[in-house]
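Each chain is listed here by its residues.
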Amino acid sequence: MGRYVIRRLLQMIPVFIGSTFLIFFMVYALGDPVAALFGDKAPDPATAARIRKDLYLDQPLWKQYLHYMGQIFQGDFGTAFNGQKVTELMASAFPVTLRLTIVAIAIEIVVGITLGVISGLKRGKSIDSGVLVLTLVVISVPTFVTGYLLQFLFGVKWGWVRPTVSPDAPFNELILPGIVLALVSLAYVTRLTRTSIAENVKADYVRTAVAKGLPRRRVVTRHLLRNSLIPVVTFIGTDIGALMGGAIVTERIFNIHGVGYQLYQGILRNNSPTVVGFVTILVIVFLLANLLVDLLYAVLDPRIRYA
Amino acid sequence: MRGATHAKWAACAAAVALAATACGGGSDSGGGGEAGIVSSSWGDPQNPLEPANTNEVQGGKVLDMIFRGLKRYDPKTGEAKNFLAEKIETTDSQNFTITLKDGWKFSNDEPVTAQSFVDAWNYGADVTKKQNNSPFFSDIVGYADVHPEKGDPKAKTMSGLVVKDPKTFTVALKEKFSTWPETLGYQAFSPLPKSFFTDHEGWLKKPVGNGPYTVDSYTKGTGMKLRKWDAYTGEDKAVNGGVDLKVYTDNNTAYTDLISGNLDLVDDIPAQQLKNVANDLGDRYINQPALIIQTLTFPLYDPQWSKEGMDKVRRGISMAINRDEITKQIFRETRTPAKDWTSPALGDKGGFSATACGEACSFNPTEAKKLIQEAGGLPGGKVTLTSNVDTGSHRDWMDAVCNSINNALGEGPVCTVNPVGTFADFRNQQSSFKLTGPFRSGWQADYPLIQNFLEPLYYTGASSNYGKFSNPDFDKLVDEANRESDTAKATAKFQEAEKILAAQMPSIPLWYQNGSAGHSERISDVALNQFSVPVYDQIKVS
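For the protein sequence lines, the chains are A and B, in the order given.
Position 220 of the first sequence, counted from 1, bears residue number 220 in my numbering, the numbering being contiguous throughout.
Add 1000 to a position in the second sequence, counting from 1, and you land on the number used in my numbering.
Calculated directly from the structure, the hints in this document are not laboratory data.
Everything numeric in this text was worked out from a predicted model, so none of it was measured.
Idealized CB from N, CA, C, for every residue including glycine.
Possibly wrong hints are sitting among the right ones.
Just so you have them, the derived chain A footprint on chain B, three or more residues with Cβ under 8 Å [as the list claims (entries may be wrong)]: (1) 1068–1081; (2) 1122–1131; (3) 1218–1230; (4) 1418–1426; (5) 1438–1446; (6) 1489–1503.
The list that follows gives simulated cross-link-like pairs (lysine to any residue, SDA-like), each with its CA atoms no further than 25 Å apart [said to hold, decoys possible]: (7) B:K1129 with B:A1172; (8) A:K41 with B:G1461; (9) B:K1476 with A:A42.
A few chain B positions that, by computed beta-carbon distances, are all more than 10 Å from chain A [stated by the list, open to error]: (10) E1056; (11) K1176; (12) G1234; (13) E1235; (14) Y1248; (15) A1254; (16) D1257; (17) K1275; (18) V1414; (19) P1472; (20) S1524; (21) V1541.
Chain A on its own, in the form it takes in the complex:
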């Protein structure tokens, strides 16, 4: 087990280096960030040259990358153009997005799995068809549509919640954005759970458990659900990374100053330290979430062992 974890952690290194290099290259290809700093006016050549030198932009790309990686390993993620340390931006953005992700994941798990179990057990019944149609609708509507719609209905028309989230972004204000963010994944979780449950409900071990005379509740939660959760956990695990990075739309709609906002600003202003720094952290989150998922398999199914 320990060796497995170490091996997995070591595998992360090439992935990490490769992905950061790709991001670095892509941001670089977006154009000269210094030219955009001056707005509609022509950049003053001497000033622009100084800024370029300070930001290491006058060096060839591979040197810039090495310099950047060297900084990162010293914990220095560079400075955004407004003079703020990228680490400062991260410290303010990641907790917010993490809270939003937690709300979204919690909703996904509770609502998604419950709906999936119900419809899986009632396969072919009207409730099952209802859930299938509903999830299909949710999947096919883009997030920004549901976002603006729910914001308008709950925030503006009925005034139940504030349409935007305050800078501190406490949990209670994140419920509506959390729902918006969770919706599409929630539909997938429901469908995955449903299929898995519907398959396993005919399995031998379920029949055995029923034959032993176990109460139905125990059969479902301990035997049926636990074995059916592996694909669902896999999905939710990868979804953590996707939600954190993909919150750009939701965060914009609800004015949440999280990772999505910083990434958006970074891309718009061609600010490579911000974009590469944030994506680097997201890559790490993604890798760790996947590791956690793999470790969780053994909790769900003790037959799975790590060598």
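Chain B: place on chain A using the hints.
For chain B alone, coordinates are given in the frame of chain A:
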């Protein structure tokens, strides 16, 4: 049991994650509620908030609240009026003596002296300080010493700036520039207190100025709370208790907050909401011209656009564009069809002319077709428009302009659009002179002067002359205008120079951009100045 140990690990990880996020907490209702305080939408300033480093509206908004300079542009007329300056005297339009008024202070009680200005200007010009607005000081003698094109500066201060006594300093310019004092209302010329130099980091965290407001708190990326400075001695004391600027990532969201009562003022109505705005806000919607013009500039460095006779083609293209229709349909009248190369916000006295472009700026498809055919057609039979498309409905209007041109010429789809993904990439192509067809150029004036609309854009070799237009007569007229000490005469000279633009058409004036704003019922007396920034100090809160 194996499973159980795994479960424990997972639980621990979750607990750590929760603990890390729990530190946010605490609710701050802010909103449009606090008595006497105006809440207003804001965008994250692009650069650190230093007067000489701020060249966009969001940072400028703050500087306008916390700084007052030698001159100030009247928010209504745009006229440059003496503010901190008692008088600015010159005999030769080249050497100026500036005398300050008594009694001005920074909000940390430090008096505003001649030194406060000279230090600030030297700092702004110093190349090692990397200030975006350095070129504003380039007219002063000694600029090249502190801001050499290459290498390290030879001096820390400009020799053209001399402090005579705490209330007086003199400025020597490299050349005659009669309207130079009028440029001093620009924020780059603001004075700076000593703390700016001694504790720069601290100052940036909480800027100190001499304006009607002081910074109460500033959280980068989130917002700024400004409060009325009670000891302010200027005549434009704030009539409200303060302003809370709240950063919005999307102007749609700000608009939503405005109509649901969480925000008092939005100074940028999103394009998608323009059709609802009359319904939602009624007379609380403001839409007025600002000092911004959008043009299509021709790459005159490319011989196919600059060769003999091409001026006819350029004029023809201009006449093929239906400005009225486009500003109405796409911009819902938040743009005004352009009639010259300046802006109506200058006023007739300032040099705006509704006739400068004349025929060439009015839609006339038959004449357009005739002109272009006479000159031998479009170069290579086609024309490609380029702009960044990440903001400002640029894609939409470019499509519309192309449609308009295609319809007028009736030769099929000869006009195409080249959309560039980001502003930075567009700037790259534009400033490295790689574009081979007309491209968008937007210009927001720094001060309400006709000079600022013409010289930086069309003078030979000027900094923002991206089309490389060059015309000796134009240059001569600009030089003469700058030497002219009588403002009215100088303006007339500039207008004469503008006639050359009308004949040569190095760029097609498209439309003037309006400032648009909306506000809640809580506040009144909301107005925008020529830079489309709300005049915060005059806003009344009920």
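Quick one: which hint numbers does this structure break? Sort them smallest to largest.
Violated hints (numbers, rising): 1, 6, 10, 14, 15, 16; every other hint is consistent with the structure.
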